[in-house]
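Protein sequences, first through last, are from chains A and B.
Sequence positions in the first sequence follow our numbering and run 1 to 258.
Sequence positions in the second sequence follow our numbering and run 1 to 222.
Hint data in this document are derived by calculation from the structure and do not stem from the laboratory.
Accuracy of the hints is not assured; some may be wrong.
[As the list claims (entries may be wrong)] Subject to a maximum C-alpha distance of 30 angstroms in a straight line, what follows is the list of computed BS3-like cross-link-like pairs (lysine-lysine):
1) Lys158/A <-> Lys92/A
2) Lys155/A <-> Lys92/A
3) Lys81/A <-> Lys211/B
4) Lys7/A <-> Lys25/A
5) Lys155/A <-> Lys244/A
6) Lys25/A <-> Lys81/A
7) Lys248/A <-> Lys211/B
8) Lys211/B <-> Lys158/A
9) Lys17/A <-> Lys7/A
Given the structure is predicted, the values throughout are model-derived calculations rather than measurements.
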Amino acid sequence: MNWERGKLEEALEEGLKLEAASQGKQVAQALRLIIAANLRSGRVGYFLDEVEGREPAEYVSRVTGFYEALSLYLHQVQVEKLDEVWRPLFEKLQRWIYNFLLNNHFAAGPHTHQRAVEYATEAAVALLTAHFPYDTSFDAWAFILARNVTCKLLKQSKRNGRTTDEAVPFDEEMIHFRYLRSEPDRKRWDLRRDLLDAVDALSSEVRREIILRHYFENLSLPEIAAELNQPIHTVYQEHFRSRKELRKILGQNGYKEI
Amino acid sequence: MLSLVVHDALEGVDISTHYPAFYQQMLADNELREAFLDTLDLLRRSQADTLLPLPQPASDDLSFLRAHSSAPRVEQMANGHWRVRWQRTIADIQAILFQPRAALSPLFRSAADQVEDPWFTLINDEVEIDNQRIAVLLQATQQVERPHVLQLFLTAGALSLSEGEDVTWPLRANVQWGHYGQGVLVDPSGQATFSAVPFTAIFAEGHQSVKSHLYLTLEPIA
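Assemble the whole structure, with the sequences as input and the hints as a guide.
Okay, structure coming up:
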């Protein structure tokens with residue numbers, strides 16, 4: 001559902017009152033500040049995602065859980081700036097960025113490592129003052145921050161003529177299946193037949209399996225990953241690629257809507 | 001925003017059903033989709049410790065920890081009144097707004113910025129005073145419809161360090177930044193919105209360099 005701002009604030013406040021009763025007023029006050037900033041930046045809306053039945057109190061509870069687990073660590077990272085906490089974190093940033101650069105066609109070796117150190121330092125400086133939203137893990141947040149800094153530095157570096165190695169693969173727009181639900185039955189069955197033919201024509205068995213299990217057997221992508229014994233990342237990637245390929249096959253068969 | 005979804009994906013949540021609107025957005029946005037996929041891949045490998053090792057020992061130069069931003073100045077008056085003042089120097093702000101983000105322009109909201117919060121954090125700090133912990137978060141954002149101003153938002157709160165003791169409230173915040181200056185009351189939910197800061201008040205000609213330090217003062221209303 002779409003939450004009206006005032007109602008959403010009230011619902012969040014109700015959630016905070018519940019947390020105050022169990023966690024104490026001090027924790028609730030700290031949570032209030034975090035959630036106010038997250039509401040402003042749109043993260044609460046992303047969590048609710050217009051899903052029927054998802055309540056703002058769930059978001060408050062999520063933030064509470066991460067706050068309990070991570071507030072001490074964040075204090076050591078951003079306020080106390082402890083060397084013993086930063087040393088492994090700085091190494092992790094360097095390794096993340098080094099591997100990200102390798103994924104983007106940089107050559108393995110000391111030159112790329114040196115670049116990774118430079119970018120990790122910039123990411124670390126950004127991390128010192130950035131607002132941690134306490135609705136996700138530290139690593140997910142820090143990785144994306146480091147990735148964003150790296151992408152921007154790569155663009156800057158490219159503009160300055162330092163590298164031409166920036167690689168951002170582009171796909172076409174993806175197929176949208178929404179209309180499947182709204183067509184009359186006969187057309188739906190025709191479409192189903194054509195769709196199954198198109199699935200048969202997919203270029204790999206893994207792609208066929210993912211589409212059939214996800215759309216015809218209603219398995220979730222994580223469930224498919226477990227059944228096929230594939231990393232979750234691979235299943236998401238193949239899911240995106242399958243849809244792109246299906247769009248192409250169906251387009252060749254005269255489906256203009258896709 | 002992406003970090004929230006990536007975390008859940010790593011935990012085994014099916015994001016296509018748990019975050020349907022976000023998933024649809026990802027299907028239509030190449031850059032967002034690539035960010036999701038390579039973040040998921042690298043974090044999964046990081047958790048499993050299967051990332052490629054660095055070819056040389058990691059740098060342990062932590063000098064950036066010491067170089068960053070000055071501590072706030074805390075004043076405590078004889079009558080129990082207090083005032084905290086934070087400063088961000090021209091160099092601090094220049095680093096936050098222009099390097100490496102290089103984005104403060106009418107094109108600020110690029111696709112890359114949709115990946116995570118399009119907000120600049122100017123101050124994110126905590127200070128202990130009078131048996132309370134004062135937390136402040138001063139953020140700036142540039143609105144598409146008003147590309148030549150910065151909008152400042154403050155989130156501030158006082159947390160008592162002793163259970164049962166009341167905190168000092170309400171608080172008043174004041175920002176001085178070049179030709180711009182405004183004082184506002186922090187509302188009961190800890191938020192304060194300042195009037196828009198025109199670029200001409202804080203940037204040199206061309207809007208690519210900051211010309212003034214920024215000062216934020218926070219104090220209880222007597």
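Taking the hints in turn, this is what the structure says about them:
For a cut-off of 30 angstroms, the pair hint linking Lys158/A to Lys92/A stands: about 25 angstroms separates their Cα positions. Between the alpha carbons of Lys155/A and Lys92/A the distance comes to roughly 23 angstroms, so the proposed pair stays at or under 30 angstroms and holds. The suggested pairing of Lys81/A with Lys211/B holds, with an alpha-carbon distance near 29 angstroms, which does not exceed 30 angstroms. This hinted pair checks out: Lys7/A and Lys25/A have alpha carbons roughly 22 angstroms apart, not beyond 30 angstroms.
For the suggested pair Lys155/A and Lys244/A, the alpha carbons sit about 28 angstroms apart, so the restraint of at most 30 angstroms is met. Proximity of Lys25/A to Lys81/A is assessed by CA-CA distance (about 27 angstroms); at most 30 angstroms being required, the pair is judged to hold. Using a Cα cut-off of 30 angstroms, the hinted pair Lys248/A and Lys211/B is violated, with the two alpha carbons roughly 54 angstroms apart. Restraint check for Lys211/B and Lys158/A: satisfied, since their Cα atoms lie roughly 28 angstroms apart, inside the 30 angstroms limit.
Pair hint Lys17/A plus Lys7/A holds up; C-alpha atoms about 15 angstroms apart against a cutoff of 30 angstroms.
Of the numbered hints listed earlier, the single one contradicted by the structure is hint 7.
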